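Now for the letters of each chain:
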Amino acid sequence: MTQSVVDDVARRACGSEALLSVSGVDVRLGGRTILDQVGFEVRPGEFTGLIGSNGAGKTTLLRVILGLQRPTRGSVRLTRTGRGRSGIGYVPQKVLLEPDVPLRARDVVGLGMDGHRFGIGLPSRRRRLLVDEMLAAVDASRFANARVGELSGGEQQRILIAHALVSRPDLLLLDEPLANLDLGSAHEVVGLLARIAREQQIAILLSAHEMNPLLPVMDRIVYLAGGRAASGTTEEVITTPVLSRLYGHRVDVIHVHGRVLVVVGDSETAGDSVGDIGREINSDVDVVG
Amino acid sequence: MFSGFMIDTWLAASMVAIVAGVVGFFVVLRGSAFAAHAIPQGAFAGAAGADLIGVNPLLGLGVFAVASALGIGSLSRRGRHDVVAALVLVLLLGLGSLFVSWNTEYGSELFALLFGEVLGVNNSQLPPTMILAAVSLIAIGVLFRPLLLASTVPDVAAARGLSVGRVDLAFLVVVALATTMTLPVVGALLIFSLMIGPPAAARSIVARPLAGIGLSVGISLLTLWISIAAAYHWNLPVGFLVGTLSGVAYGVGRGWTWARRRSRPTTSSGPAPAESGRLRLTDGLRD
Numbered sequence: 001m002t003q004s005v006v007d008d009v010a011r012r013a014c015g016s017e018a019l020l021s022v023s024g025v026d027v028r029l030g031g032r033t034i035l036d037q038v039g040f041e042v043r044p045g046e047f048t049g050l051i052g053s054n055g056a057g058k059t060t061l062l063r064v065i066l067g068l069q070r071p072t073r074g075s076v077r078l079t080r081t082g083r084g085r086s087g088i089g090y091v092p093q094k095v096l097l098e099p100d101v102p103l104r105a106r107d108v109v110g111l112g113m114d115g116h117r118f119g120i121g122l123p124s125r126r127r128r129l130l131v132d133e134m135l136a137a138v139d140a141s142r143f144a145n146a147r148v149g150e151l152s153g154g155e156q157q158r159i160l161i162a163h164a165l166v167s168r169p170d171l172l173l174l175d176e177p178l179a180n181l182d183l184g185s186a187h188e189v190v191g192l193l194a195r196i197a198r199e200q201q202i203a204i205l206l207s208a209h210e211m212n213p214l215l216p217v218m219d220r221i222v223y224l225a226g227g228r229a230a231s232g233t234t235e236e237v238i239t240t241p242v243l244s245r246l247y248g249h250r251v252d253v254i255h256v257h258g259r260v261l262v263v264v265g266d267s268e269t270a271g272d273s274v275g276d277i278g279r280e281i282n283s284d285v286d287v288v289g
Numbered sequence: 001m002f003s004g005f006m007i008d009t010w011l012a013a014s015m016v017a018i019v020a021g022v023v024g025f026f027v028v029l030r031g032s033a034f035a036a037h038a039i040p041q042g043a044f045a046g047a048a049g050a051d052l053i054g055v056n057p058l059l060g061l062g063v064f065a066v067a068s069a070l071g072i073g074s075l076s077r078r079g080r081h082d083v084v085a086a087l088v089l090v091l092l093l094g095l096g097s098l099f100v101s102w103n104t105e106y107g108s109e110l111f112a113l114l115f116g117e118v119l120g121v122n123n124s125q126l127p128p129t130m131i132l133a134a135v136s137l138i139a140i141g142v143l144f145r146p147l148l149l150a151s152t153v154p155d156v157a158a159a160r161g162l163s164v165g166r167v168d169l170a171f172l173v174v175v176a177l178a179t180t181m182t183l184p185v186v187g188a189l190l191i192f193s194l195m196i197g198p199p200a201a202a203r204s205i206v207a208r209p210l211a212g213i214g215l216s217v218g219i220s221l222l223t224l225w226i227s228i229a230a231a232y233h234w235n236l237p238v239g240f241l242v243g244t245l246s247g248v249a250y251g252v253g254r255g256w257t258w259a260r261r262r263s264r265p266t267t268s269s270g271p272a273p274a275e276s277g278r279l280r281l282t283d284g285l286r287d
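Just so you know, the sequences run in chain order A and Z.
All residue numbers for the first sequence refer to UniProt numbering, where the first residue is 1 and numbers rise by one.
All residue numbers for the second sequence refer to UniProt numbering, where the first residue is 1 and numbers rise by one.
One should not assume that every hint holds.
[As the list claims (entries may be wrong)] To give an idea of the chain Z side of the interface with chain A (calculated C-beta under 10 Å), a few residues: (1) Val28; (2) Gly31; (3) Ala33; (4) Val142; (5) Leu149; (6) Ala150; (7) Ser151; (8) Val156; (9) Ala157; (10) Ala200; (11) Val206; (12) Arg208; (13) Pro209; (14) Ala211; (15) Ala259; (16) Arg261.
In case anyone wonders, no lab produced these hints; they're calculated from the structure.
This one's a predicted model, so the numbers in the text were calculated from it and none came from an experiment.
Yeah, the Cβ is synthetic: ideal placement off N, Cα and C, and Gly gets one too.
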């Protein structure tokens, strides 16, 4: 019974025109350059990873895309595919609701559909079916009626993904959804998101400081360093010449056992001020568990 | 107990309890208890000032309550208003004491504004109480979904184009209206305990918003009714009774939560125990 809605979405052909185009975005805050000429495109249904270390400007870029931060220069354009779809769904970083919040998981998902509208909102069959469908899509049917604040952080994250999906966005933005998750759980969330992107024809833009868990699913990558971005497929971007140009000094890309390590030299010894990492190896190195 | 003049008391008190139960539900959900404490205290200064210059205290109440709400709402930072609420509270209490000291008449009426005069409600108070009650309830009905969304996931609400700051401001104005309406009946101190105790108990017991509001109103009505009856019979202060019963209601709610969590230690683990270990956070955020 809920299948028809999914089929309807899946039947919709995705064009090759850009869904989101970010061009020449500069953000300066208090004399500091946070983003410097950032430009990239996201096409419908694509999985894009926004990769960068802490302080590289990932959250600022997401805020610019959401319209919460006005860029100093440049533009962001979102082309809606129309027909009852909202623009952007957003899953913020580290939401942990209080255990006493008087909402069930399904109430939070329902608010994703019409929470911005005035009035109490009458229950309807269509509404309930859509909420059930989204809860199933994120494997959360099991705890649909539990108090949302009593769920674990990972379970709450799934509920917030369902909350973002229920408004039928063309683009789903997730801010560091893999932070705080162990490697196994990270792979599980990535698998879930890739499945959602495929089944519901939703483009995903996900920020992370580690790219390895995303390598199997990323169609494209936007690599941020020191406020500047390089974008393309991982094969195009994660190379020694491209990343060296981005960082402004020598960076080595090493492939080990199907993982990619980006070795960033100390920016001071390299005589450049772009890199703010100052460590031998950046956080893409993770322990193989 | 149900004779002529007491009917007005029952009517006014019931309206107060309903408004406190509904508005208080969102006060507790949003963690705005301190602002809900500061606004009635500020309104008291307005009534004292109005009394001094000889205008209707209700007008002074309304103006000061709305002004404190706007002040707290517009000066708050990222939805946090504890510091500005504290400043409004001390500033207006100070102003209130100044007005009272300038007033040469004995301030029994002002004493009633702090502690309420629920047994002495008169006929002329009913129409403004009723109008403000209706306005507060309609406003909460209109703001219902944006309030829920902005209170639980403010970042997401902002990303959806909802102005979280404006929702907050609108809500504080509703708290101010509810304060203006309820303060002459139950007093500045009691309205605060009615807005916190019953809703906090209700949300511990039910997890659905509408059912929670219903239960909150129920507990609030029961608290105020029992308090009035007991105050009438044994000549006890209403303030003592409302405060105690609100505390008892909250205690029962917490006890309920404790018992529920004990009987079902993990709400989320369903029939598939093999899956219950998925997605556990590494830093043990789960309690």
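The hints, checked one at a time:
no.: 1; hint: Val28; in the structure: holds, 9 Å
no.: 2; hint: Gly31; in the structure: holds, 9 Å
no.: 3; hint: Ala33; in the structure: violated, 13 Å
no.: 4; hint: Val142; in the structure: holds, 5 Å
no.: 5; hint: Leu149; in the structure: holds, 3 Å
no.: 6; hint: Ala150; in the structure: holds, 8 Å
no.: 7; hint: Ser151; in the structure: holds, 8 Å
no.: 8; hint: Val156; in the structure: holds, 6 Å
no.: 9; hint: Ala157; in the structure: holds, 7 Å
no.: 10; hint: Ala200; in the structure: holds, 8 Å
no.: 11; hint: Val206; in the structure: holds, 7 Å
no.: 12; hint: Arg208; in the structure: holds, 6 Å
no.: 13; hint: Pro209; in the structure: holds, 6 Å
no.: 14; hint: Ala211; in the structure: holds, 9 Å
no.: 15; hint: Ala259; in the structure: violated, 14 Å
no.: 16; hint: Arg261; in the structure: holds, 8 Å
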